[in-house]
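Colleague: Sequence:
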Amino acid sequence: MALLFEKCNDLQLSGLTHINGPGFHIHVLHSKNVIISGVNITAPEYSRNTDGIDTTNVEGIIIRDSIIGTGDDCIAIKGGTKFLNISNIQCGPGHGISVGSVGGHGQEDYVSDIHVRNCSITGATGGVRIKTWAGSKGSVQRVRFEHITVKQTNYPIYIDQHYAHSKEQPQAIKVSDVTFSDIHGTSSPNVPPTPPPLYSMPPPPSASHSHASPYSTPSMVRYTNKEEGEGNNASRHACAACRHLKKKCNKDCVLAPYFPTKKIKQYFVVHKVFGYNIMTKMLSNLVEQERNEAVESFQWEAMMWQQDPVHGPLGAYKKGRWRIFHGCAASYRKRNFIASLQVDNSGSTLDGVPFVDIGDLVKEGSIAPIFMVTPNFV
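Numbered per UniProt numbering, the sequence shown spans residues 1 to 378.
Just so you know, not all the hints are guaranteed correct.
[Claimed, not checked] Under the rule of at most 25 Å between Cα atoms (straight-line distance), these lysine-lysine pairs were calculated in the DSS-like manner:
no. : residue 1 : residue 2
1   : K251      : K263
2   : K262      : K272
3   : K262      : K281
4   : K251      : K281
5   : K265      : K281
6   : K137      : K32
7   : K246      : K262
8   : K246      : K265
9   : K272      : K319
10  : K262      : K251
11  : K281      : K246
12  : K251      : K265
13  : K334      : K319
14  : K32       : K82
No lab work stands behind these hints: they were computed from the structure. Note that the coordinates shown come from a computational prediction; the quantities given were computed from them, not determined experimentally.
Taking the hints into account, I'd like the entire structure generated from these sequences.
Modeller: What follows is the structure in structure tokens.
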């Protein structure tokens, strides 16, 4: 965990940047009157448990004007949180903005008076959601999500009362007075319209309509499965890269020629090392011939990291130096052997073929640089 604030009343946190944290980035608990603003949090989208901001047992908190993209929840509103206001958040990738999980391991939890507005969620597995464990006591009430823009998000809206596939129980967290208003944008084209059956509230179908459930007050929810303004340029069959990210793949995707759908495993190996954004930016600035060479470099380096997670390409470089050194030594030995066979009757070598002392070569520095020099990576 990067930052933990416990029993910090009247806390103000702003202007921080977190990059590639190993776990939760900011966690506030047992505190009152907290303001978090202007933070920038990034972590790889495949990194687990890298929540951006978590709140537990916090009363009166404002989170605003921040950019969060991780491998887990951008913001997770956990048990004991009440009177929370979230606004102007750019979320993605990640798991969206979540209330929960609440009631884990049978504990009694309460969350209330949550207001999330004017946020955007892009390329996430979830949009705005509520997740509770079965078999627990407590409640989630008076929660409002409004003016939310989602883009290429798997499940823009859902309430899951069987979080982590918890089994059916005689009791559950009561979810009530939940409003979704003006949720608009696009869902991922590669996700079935109906989520797994354990989700209590599936996302609405591709249409503008009013959606009501036993857990929420009727509210207007609008989103489409087709990107506005894209026409027919988008491909129905995503390349391996876009399929892995569960996003739409159009004709201008620079990764599509090199990672077709059938190469999803190869792409995943490369993605773990470089990530989608880095590869896309690099290839976009190259001509076609250079792109081919760059992709080969991506694949080779990723393969080296897969084979040697500690040293990666540097380990391959060291092995290569050893091979060169021993190859040169073997070459000089053969040269000496040939010279020894080509002596005339006077005992001198023929045609100026000299004897070579490998030890002297190493001392003089002819071979040593091959073995001794360490590369300077910038």
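Colleague: Going straight from one Cα to the other, do K265 and K281 come out at no more than 25 Å?
Modeller: Distance ~21 Å between K265 and K281 Cα, so the pair holds.
Colleague: Quick one, are K251 and K281 close enough, alpha carbons at most 25 Å?
Modeller: holds (16 Å)
Colleague: Could you grab the alpha-carbon distance between K262 and K272 and see if it respects the 25 Å cut-off?
Modeller: holds (18 Å)
Colleague: Is K334 close enough to K319, meaning Cα to Cα at most 25 Å?
Modeller: Cα-Cα ~23 Å, so holds.
Colleague: For K32 and K82, compute the direct alpha-carbon distance and say whether it is at most 25 Å.
Modeller: holds (10 Å)
Colleague: Is K246 close enough to K265, meaning Cα to Cα at most 25 Å?
Modeller: holds (15 Å)
Colleague: Taking only the CA atoms, is the gap from K262 to K251 under or equal to 25 Å?
Modeller: holds (17 Å)
Colleague: With a cut-off of 25 Å on the C-alpha distance, tell me whether K262 and K281 pass.
Modeller: Status holds; Cα separation ~23 Å.
Colleague: Is K251 close enough to K263, meaning Cα to Cα at most 25 Å?
Modeller: holds (18 Å)
Colleague: Holds or violated: K246 and K262, Cα atoms, limit 25 Å.
Modeller: holds (15 Å)
Colleague: Is the hinted pair K272 and K319 satisfied, with a Cα-Cα distance of at most 25 Å?
Modeller: holds (24 Å)
Colleague: Could you grab the alpha-carbon distance between K251 and K265 and see if it respects the 25 Å cut-off?
Modeller: Judged against 25 Å, a Cα distance of about 22 Å means the pair holds.
Of the numbered hints given earlier, the model fails none.
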